[in-house]
Amino acid sequence: MEGAIPGALGNLSNLEELWLWGNQLVGEIPKALGNLSNLEELYLHSNQLEGAIPGALGNLSNLTQLRLNINELDGEIPGALGNLSNLTQLRLYSNQLVGEIPKALGNLSNLTYLDLGDNQLSGEIPPALGNLSNLRTLGLNRNQLGGQIPPVLGNLSNLIVLTLHSNQLSGRVPAELGKLSNLVGLTLEDNASLTGALPQSLSGLTKLEQFQFHNTGLCAPLDAAFQMWLQGIEETNGSNCGAGLSVCDRTRAVRDGIMAQVPVSNCGDVTGVHLSEINSLILDDVSLTELKAGELSGLTGLTTLSLQGNRLSSLPDGFFDDLIALTWLYLGDNQLTSIHSELFTLPNLAHLHLWGNQLVGEIPTELGNLSNLTALDLGDNQLSGAIPTELGNLSNLTLLALHNNQLSGRIPTELGKLSNLELLSLQDNTSLTGALPQSLSGLTKLKEFYFTNTGLCAPLDAAFQTWLQGITDASGSNCSG
Numbered sequence: 009m010e011g012a013i014p015g016a017l018g019n020l021s022n023l024e025e026l027w028l029w030g031n032q033l034v035g036e037i038p039k040a041l042g043n044l045s046n047l048e049e050l051y052l053h054s055n056q057l058e059g060a061i062p063g064a065l066g067n068l069s070n071l072t073q074l075r076l077n078i079n080e081l082d083g084e085i086p087g088a089l090g091n092l093s094n095l096t097q098l099r100l101y102s103n104q105l106v107g108e109i110p111k112a113l114g115n116l117s118n119l120t121y122l123d124l125g126d127n128q129l130s131g132e133i134p135p136a137l138g139n140l141s142n143l144r145t146l147g148l149n150r151n152q153l154g155g156q157i158p159p160v161l162g163n164l165s166n167l168i169v170l171t172l173h174s175n176q177l178s179g180r181v182p183a184e185l186g187k188l189s190n191l192v193g194l195t196l197e198d199n200a201s202l203t204g205a206l207p208q209s210l211s212g213l214t215k216l217e218q219f220q221f222h223n224t225g226l227c228a229p230l231d232a233a234f235q236m237w238l239q240g241i242e243e244t245n246g247s248n249c250g251a252g253l254s255v256c257d258r259t260r261a262v263r264d265g266i267m268a269q270v271p272v273s274n275c276g277d278v279t280g281v282h283l284s285e286i287n288s289l290i291l292d293d294v295s296l297t298e299l300k301a302g303e304l305s306g307l308t309g310l311t312t313l314s315l316q317g318n319r320l321s322s323l324p325d326g327f328f329d330d331l332i333a334l335t336w337l338y339l340g341d342n343q344l345t346s347i348h349s350e351l352f353t354l355p356n357l358a359h360l361h362l363w364g365n366q367l368v369g370e371i372p373t374e375l376g377n378l379s380n381l382t383a384l385d386l387g388d389n390q391l392s393g394a395i396p397t398e399l400g401n402l403s404n405l406t407l408l409a410l411h412n413n414q415l416s417g418r419i420p421t422e423l424g425k426l427s428n429l430e431l432l433s434l435q436d437n438t439s440l441t442g443a444l445p446q447s448l449s450g451l452t453k454l455k456e457f458y459f460t461n462t463g464l465c466a467p468l469d470a471a472f473q474t475w476l477q478g479i480t481d482a483s484g485s486n487c488s489g
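In this text, residue positions in the sequence shown follow the numbering used here: the first is 9, and each later residue adds one.
Please note that the accuracy of each hint is not assured.
For lysine-lysine, the following BS3-like pairs were computed, each having C-alpha atoms within a straight-line distance of at most 25 Å [stated by the list, open to error]:
hint, residue 1, residue 2
1, LYS39, LYS111
2, LYS425, LYS453
3, LYS425, LYS111
4, LYS215, LYS187
5, LYS425, LYS455
6, LYS187, LYS111
To be clear, the hints were calculated from the coordinates, so they are not data collected in a lab.
Generate coordinates for the entire structure from the input sequences, incorporating the hints supplied.
What follows is the structure in C-alpha cells.
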C-alpha cells in the first residue's frame, strides 16, 4: 500500500481497529483520525510517515495501543497523549521526534509498554514516569536526554526492561533502582557523564540477565558479593572500580588509614609493589571521614583520584604533595567547606569536581591558573561573591558548572574567551544580575546554557538572540524591552 492516509477515514465513527502498518505510506497523519472515538488500536508503524504527531489523537479516549514507531515523524510529542487513560502500549521509537518528554505521560496509569527510543529527545527524564506502576518496558535509549536518572524510577516494581543507553545522562545511578526486583534488562552504556560506583543495591536484582554500563564513568565495586552477582549475569560489559590498579591488593601498600574499609578479600597476595605504577584510585561511597597527610605519598603516577560520596569535611596539608600527575579529581558529594590551596599547584589537573559539598566564601581566583582544566564543577554549594574574571583564562574549559550557589553581581565579559566551552550552568544563583555580556555570543561550541532562577537576562539584539537560539539546550529569560 502506497500514498497518503485518507483523511476521510476519520468519518468511520464505529471503527475499533485501524491497522496500516508495514506499508509505504507517506505524508502526515491526518488530524481527522482524532474523530474515531471508538478506536482501540491504531497501528501506523513501519511506514514513511512524516510531520508532527497530531495532538487530536489525544481525543481517542478508548485507545489501548498506539504504534507510530519506525517512521519519519518529527516535532514534539504532544502532551495531549497524556489524556489516553486506557492506553497500555505507546510505541514512538525510531522517528525524529524532538523536545522534552511530556510530563503528562505520567498520567497513563494503565501503560505497560513505553518506548521512545532512537529519537532526538532532550531535557531530563520526567520524574512523573515513576507513576507508571504497571509499566513493564521503558525504552528511552538513543536520544539526547540529560540530567540525572530519577530515583522514582525505582517505584516501577513491574519493570522488566529499562533501556537508557546512548544519552547524555550524568551523575550517579540511584540506589532506588535496586528495588526493581523483576528487572531482566538494564542498559546504561554510552552515557559518558554517569559516574561513581554502582550502588550495592543492584546486587539484589536476581533476575537480571543483561546489564551494560561500558563507555561511562561507572564502575563495579570490588567486594566479593557484588562481583559474584555481576559474574552471574548472562550478558554484561563494564569496568570494575580501581581497574587502573590492575591488582587490587596493591592498595594494601597505601597506608592503613585510608584503605582499611576497602574489601580486598577477593584479591590474591602481591609482592614487589611499586606505588608509582598505580594510576587510578577510586574510593567512592566508603564512608571516609578523615584523611591524613602523606597517606598517598609515593603515588607519583596517579592520574585519577575519586573520593566521591564520603563524609570528608577537610583535606590535610601535604595531601597532594606527590600527586604530580593527577589529571582527574572527584571530590563531589562530601562535606568540604573550602577549596584547598594545594589544588592550585597541580600542573596537570584537567577535571576538578567539587559539586555537592558545603563550600563557602568566594571562588578562589587562583583557579584561573589551572591552564589545563577542561571541567570545573562547583555546583550545589554555598559559594558567594562575584564570579572571578580569572576564570576567563581557562582556554581549554569545556564544562563550567556554578549552579545552585549564592553568587552575586554580573557575569564577567572574560567568560566570552572560553572558546571551547560546551556547558555553562549558572541557574539558581538568585543574586546574579544584569544582562548577559555580549561576549558570550562568541562561544560557538556551547551546547547547554542554563541561567534560570537568577536576575540575569539575555539581550534582545538580533545577533545575541540568534546565537542563543542556536544552543541545543538553553533556559533563561530575555531582558525586557
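The hints, checked one at a time:
| no. | hint | verdict |
| --- | --- | --- |
| 1 | LYS39 - LYS111 | holds (23 Å) |
| 2 | LYS425 - LYS453 | holds (12 Å) |
| 3 | LYS425 - LYS111 | violated (37 Å) |
| 4 | LYS215 - LYS187 | holds (12 Å) |
| 5 | LYS425 - LYS455 | holds (16 Å) |
| 6 | LYS187 - LYS111 | holds (23 Å) |
Violation of the numbered hints given earlier is confined to hint 3; every other hint is satisfied by the structure.
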